[in-house]
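Student: If you count the sequence shown from 1, position 295 lands on 295 in the UniProt record's numbering, and the numbers rise without skipping.
Careful: at least some of the hints might be erroneous.
Label-pair ranges, simulated between beta-carbon atoms [what the hints assert, rightly or not]: (1) Glu46 <-> Glu11: 52 to 62 Å; (2) Trp232 <-> Gln96: 52 to 62 Å; (3) Gln96 <-> Asn231: 51 to 61 Å; (4) Glu81 <-> Ser290: 19 to 29 Å.
In silico lysine-lysine, PhoX-like type, Cα no more than 25 Å apart, as pairs [claimed, not checked]: (5) Lys48 <-> Lys124; (6) Lys73 <-> Lys10; (7) Lys73 <-> Lys48.
In case anyone wonders, no lab produced these hints; they're calculated from the structure. No residue lacks a Cβ here, since even glycine has one placed at the ideal position from N, Cα and C.
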Amino acid sequence: MFSLMSIFYKETFRNGIEVFFTLLLPVLLLLLFGFIFGTETDQSVEYKLGIAGNFEGGIVEALPYEILIFEDKNSLSQALESDQIDIGIIMVENNQITFVEKETDINNQSNIFLKLKLQSFLKKYLIGMNEDYINLEFVETPIGESQENSLDFILTGVIGLSLLSGGMFSMINVFGRYRKLGTIKRFKASPMKPIEFTLSASSTKLFLNLISMFIIVFLGKIIFDLSLTFNWGLLVIVFFTSSIGMMGFGILLLLLFKEPSVTIEIASILYVVMTFFSGVYFPVEFLPTSVRWVSNILPVKYVVDVIRYTGNIKQINLNEFLIINLVLFVGGLFLLFVSSKVFLKEER
């Protein structure tokens, strides 16, 4: 059996497609979405405002920001371009207010909220009201025991996606491509038991998934300085149950579609669907209500949920955590051992 495992290990790392989907693609997605969403401006940042035109001194004293005063619009615009201020305000007669900002910041979420707050404050001040027109309050609400942010959410989602691709595509490769190439038939000519073949193939895929998971966590902490703390005991359990469950899912696709090339295409389509409909990079609640049901039938959603549970991003309770892991483990084992015997018998 050890010699068989050695063969599988060598073949696994020679298979470029399998290595790409298990190791490289999740890392690329982590970097892509990490740099896109990981640079969001903190809402508690201290803004610098520039003011020009006809304004009362009381406005400068009342604004809860650092204020720089400029003679005209040109000097204010120059300060904006040189990043001396975050946004400019020009006030003219009749209390007409004009905001000046960089073209690249027009759709910036932080700038939009800042302008809303300033509009509310200035209107209140100019007409002597005691309450804001618009009252914006940012409340940080952690989902679990630790404060969660968008990058923590993305990291745990990418780990789930890695376990999906590593498990699903690896089993399609083993029982699909190997069968088509006649490799399984040659193995059957030796005194090999079906369970030995299954365990040897599965162990190599588990090892590759484990490497992928550690690379993702390591890069997340090094590049994005993540503070997410995992319960490593629970994470190891989730790793094994989820990997086995996703391997079983790959076997299920082979049973349904038979032809390896067709199964690979179907799996690739499902991979894309699960990437965007399973709460991997953003909460399922962000999806339109009419399509949220799709996420409930996609297995990777539940894998991501249990991974986030181990990082104290608790979208599920303990009972749900245990049930999901049990279903993944039992269902995956059933499909691995029973279905692998079916494929091996077909080669006799």
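Student: Any of the earlier hints contradicted here, and which numbers?
Tutor: 4 and 6
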